[in-house]
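J.: Chain order of the listed sequences is C and R. Position 348 of the first sequence, counting from 1, maps to 348 under my numbering, and the rest follow consecutively. Position 155 of the second sequence, counting from 1, maps to 155 under my numbering, and the rest follow consecutively.
Be careful, since some hints might not be right.
[Stated by the list, open to error] According to the in silico footprint, chain R covers these stretches of chain C (three or more CB under 8 Å from chain R):
no.: 1; stretch: 183-195
no.: 2; stretch: 249-255
[To be verified] Each computed DSSO-like pair below joins lysine-lysine, with the alpha-carbon atoms no more than 27 Å apart:
no.: 3; chain 1: R; residue 1: Lys149; chain 2: R; residue 2: Lys102
no.: 4; chain 1: C; residue 1: Lys421; chain 2: R; residue 2: Lys104
no.: 5; chain 1: C; residue 1: Lys190; chain 2: C; residue 2: Lys70
no.: 6; chain 1: C; residue 1: Lys190; chain 2: R; residue 2: Lys60
no.: 7; chain 1: C; residue 1: Lys117; chain 2: C; residue 2: Lys156
no.: 8; chain 1: R; residue 1: Lys8; chain 2: C; residue 2: Lys249
no.: 9; chain 1: R; residue 1: Lys104; chain 2: R; residue 2: Lys140
no.: 10; chain 1: R; residue 1: Lys60; chain 2: R; residue 2: Lys8
no.: 11; chain 1: R; residue 1: Lys104; chain 2: R; residue 2: Lys79
no.: 12; chain 1: C; residue 1: Lys117; chain 2: C; residue 2: Lys43
no.: 13; chain 1: C; residue 1: Lys197; chain 2: R; residue 2: Lys60
no.: 14; chain 1: C; residue 1: Lys183; chain 2: C; residue 2: Lys117
no.: 15; chain 1: R; residue 1: Lys102; chain 2: R; residue 2: Lys79
no.: 16; chain 1: R; residue 1: Lys149; chain 2: R; residue 2: Lys104
no.: 17; chain 1: C; residue 1: Lys156; chain 2: C; residue 2: Lys32
no.: 18; chain 1: C; residue 1: Lys117; chain 2: C; residue 2: Lys32
no.: 19; chain 1: C; residue 1: Lys117; chain 2: C; residue 2: Lys70
no.: 20; chain 1: R; residue 1: Lys140; chain 2: C; residue 2: Lys117
no.: 21; chain 1: R; residue 1: Lys104; chain 2: C; residue 2: Lys183
no.: 22; chain 1: C; residue 1: Lys43; chain 2: C; residue 2: Lys32
no.: 23; chain 1: R; residue 1: Lys60; chain 2: C; residue 2: Lys183
no.: 24; chain 1: C; residue 1: Lys156; chain 2: C; residue 2: Lys19
no.: 25; chain 1: R; residue 1: Lys79; chain 2: R; residue 2: Lys140
no.: 26; chain 1: C; residue 1: Lys249; chain 2: R; residue 2: Lys149
no.: 27; chain 1: C; residue 1: Lys70; chain 2: C; residue 2: Lys156
no.: 28; chain 1: C; residue 1: Lys421; chain 2: R; residue 2: Lys102
Read the hints as simulated data drawn from the structure, not as lab findings. C-beta: ideal position from N, C-alpha, C; glycine also.
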Amino acid sequence: MFTPILTRNFNLGHPASLKEYEASGGYLGLRKALGMTPEEATKEVLDSGLRGRGGAGFPTGRKWGLLDRKSPPPKYFLVNADEMEPGTFKDRFIMELDPHELIEGALISGYATGIDKCYVFIRYEYAEATDALDVAMAEARDAGYIGDNILSSGFKMDMVIHRSAGRYECGEETGLLNALEGKRANPRSKPPYPTVKGLFMRPTLVNNVETVANVPHIFSMGAEAWKTVAVSEGGAGVKLYGVSGRVNKPGLVELPIGTPLRELIFTHAGGMREGYTFKACLPGGASTPLLTPDHLDVPMDFDPVAKVGSRMGTGCVTVLDQTCCIVRAMINLLIFFQRESCGWCTPCRDGLPFVLDILQRIEDGTAVREDISILEENCEVIYPNSFCAFAPGAVDPVRSMLRLFRDEVDEHINLGRCPLKTR
Amino acid sequence: MTMPEIAKERIEELKARVASMEHPDEALVDLMHEVQAGLGYLSDEGVELVARIAGVNPMKVEQLATFYNLIYRRPVGRKVIHVCDSISCWVVGADDIFEYLKNKLGVELGGTTIDGAFTLLPICCLGACHVAPAMMIGEKLYGDLTPEKIDRILEQERI
Chain C
1 MFTPILTRNF NLGHPASLKE YEASGGYLGL RKALGMTPEE ATKEVLDSGL
51 RGRGGAGFPT GRKWGLLDRK SPPPKYFLVN ADEMEPGTFK DRFIMELDPH
101 ELIEGALISG YATGIDKCYV FIRYEYAEAT DALDVAMAEA RDAGYIGDNI
151 LSSGFKMDMV IHRSAGRYEC GEETGLLNAL EGKRANPRSK PPYPTVKGLF
201 MRPTLVNNVE TVANVPHIFS MGAEAWKTVA VSEGGAGVKL YGVSGRVNKP
251 GLVELPIGTP LRELIFTHAG GMREGYTFKA CLPGGASTPL LTPDHLDVPM
301 DFDPVAKVGS RMGTGCVTVL DQTCCIVRAM INLLIFFQRE SCGWCTPCRD
351 GLPFVLDILQ RIEDGTAVRE DISILEENCE VIYPNSFCAF APGAVDPVRS
401 MLRLFRDEVD EHINLGRCPL KTR
Chain R
1 MTMPEIAKER IEELKARVAS MEHPDEALVD LMHEVQAGLG YLSDEGVELV
51 ARIAGVNPMK VEQLATFYNL IYRRPVGRKV IHVCDSISCW VVGADDIFEY
101 LKNKLGVELG GTTIDGAFTL LPICCLGACH VAPAMMIGEK LYGDLTPEKI
151 DRILEQERI
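Work out the full structure, taking the sequences as your base and the hints as a guide.
T.: Structure below.
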């Protein structure tokens, strides 16, 4: 039986107080880290195999290593709490139920990388999470965890919450930098990477909430013990998975990374609701290609999901049942993407509405067969030619539809209407 | 009147806070929220006030105000209802929720009820997919929506 690590305080049902957090072993990781050199602490995270939980899966220890530790302050550590990937609801719970976990993780990250200023960039809609984090930060300040001489180690770090005002593009790593600087959240060209020139053109690290929340446990358990919880080959650690859609128990669950998709949906989420069957799913948000019943045995980890042609993304699965028209589902995604496009580059700003238009005509039954190849061509042109990862993420599910559900798309053309006129 | 409703003393406080910051532009989003709170939306005069407090050109504030979907540049009702229209809510029937709300309130998306109580807007995923379909009224989240539940919620929220 798996014992929760990241979510061990979630059953309290309220934000764990400092006392409650410490009673569960909290801030031991920080004490351990402060006993190491920053280089040793970075190596610990590298050895743990932790990969970015925001969706891209970049090795966290390697990212930290890219930051020039010797460059003078200011340097910035940014916690990306702008959770806005459709279907994703994991970071919310960390901040609402165990905010100190995030604070401790940020402190260790700052120590390891020689950074003394942390911003938590949080979406406006997460009012409850913001309040919980605010209270926890005040507690941590009073207890000497945040401040000028943390636990008498000489290490100092300040933490500030930045409350945003909407827009998905703010969560893009470089868009987030611009947003914090008081500019429109358009992406920046890379290089220079944020680790070299980031916030206010200073070296900056950006990590997702779940990534940061894992850090304390890597130190309190030891990198090896944390890493070997994984059940996938080459995997590392634990993962917060979510399942939504017409399943019996939609919700969040912490499991060893690499837990098979089937187990996630049919055991932990209680299987499909009566009368509904599993048709497909988005394994980790609106920008991840579809998986079908053929893929149910895939281990939910970065590499295995990539191997079957998708991405694990955020690990929050959206299940589509037999009543969902795949074309209509893609229309839903594209309405989201074309609305949230920041408009900076042409393939995204002008291309996505075009893709949406074709999808809508297929659904309405007014498209002709040739439109399918135009749709395909558009996706292939948009994918490699846009400025940031937004537009590739927008067309990737559509490409997967054309690959996996071609019959259903064709049927729309043949019938001149949607074959599943249910919604 | 479209002058922002905000106390003179508060404006001075905000000016002092911004003046003490190393990067005053960082405060622009906070300032927009704060000035918006009075009228419920950010009027032209509100944009100018934010610019004055931060010591920047009003065009810079306008660029930001028109970028963020939670900064309203047009008048809204006393409360804004944001209904999630993303995939996880759609799968469990968000379209029906939209239809119900539109009929119940007698408005289209973007519209404000005749009594000025509510403005209805779509929003991207609220991160509440475990309780889909979901919506947010003001800053309060509501999930597992059904027509009956919506009736009760609107009754409570109407001011």
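J.: Decide, hint by hint, whether the structure agrees.
T.: Evaluation of the provided hints:
{"no.": "1", "hint": "183-195", "result": "holds (count 3)"}
{"no.": "2", "hint": "249-255", "result": "holds (count 3)"}
{"no.": "3", "hint": "Lys149(R) x Lys102(R)", "result": "holds, 15 Å"}
{"no.": "4", "hint": "Lys421(C) x Lys104(R)", "result": "holds, 25 Å"}
{"no.": "5", "hint": "Lys190(C) x Lys70(C)", "result": "holds, 22 Å"}
{"no.": "6", "hint": "Lys190(C) x Lys60(R)", "result": "holds, 25 Å"}
{"no.": "7", "hint": "Lys117(C) x Lys156(C)", "result": "holds, 9 Å"}
{"no.": "8", "hint": "Lys8(R) x Lys249(C)", "result": "violated, 52 Å"}
{"no.": "9", "hint": "Lys104(R) x Lys140(R)", "result": "holds, 20 Å"}
{"no.": "10", "hint": "Lys60(R) x Lys8(R)", "result": "holds, 23 Å"}
{"no.": "11", "hint": "Lys104(R) x Lys79(R)", "result": "holds, 16 Å"}
{"no.": "12", "hint": "Lys117(C) x Lys43(C)", "result": "holds, 21 Å"}
{"no.": "13", "hint": "Lys197(C) x Lys60(R)", "result": "holds, 23 Å"}
{"no.": "14", "hint": "Lys183(C) x Lys117(C)", "result": "holds, 20 Å"}
{"no.": "15", "hint": "Lys102(R) x Lys79(R)", "result": "holds, 15 Å"}
{"no.": "16", "hint": "Lys149(R) x Lys104(R)", "result": "holds, 13 Å"}
{"no.": "17", "hint": "Lys156(C) x Lys32(C)", "result": "holds, 16 Å"}
{"no.": "18", "hint": "Lys117(C) x Lys32(C)", "result": "holds, 21 Å"}
{"no.": "19", "hint": "Lys117(C) x Lys70(C)", "result": "holds, 16 Å"}
{"no.": "20", "hint": "Lys140(R) x Lys117(C)", "result": "violated, 31 Å"}
{"no.": "21", "hint": "Lys104(R) x Lys183(C)", "result": "violated, 39 Å"}
{"no.": "22", "hint": "Lys43(C) x Lys32(C)", "result": "holds, 14 Å"}
{"no.": "23", "hint": "Lys60(R) x Lys183(C)", "result": "holds, 8 Å"}
{"no.": "24", "hint": "Lys156(C) x Lys19(C)", "result": "holds, 22 Å"}
{"no.": "25", "hint": "Lys79(R) x Lys140(R)", "result": "holds, 11 Å"}
{"no.": "26", "hint": "Lys249(C) x Lys149(R)", "result": "holds, 20 Å"}
{"no.": "27", "hint": "Lys70(C) x Lys156(C)", "result": "holds, 16 Å"}
{"no.": "28", "hint": "Lys421(C) x Lys102(R)", "result": "holds, 22 Å"}
Going down the numbered hints, you'll see the structure goes against 8, 20 and 21, while the others check out.
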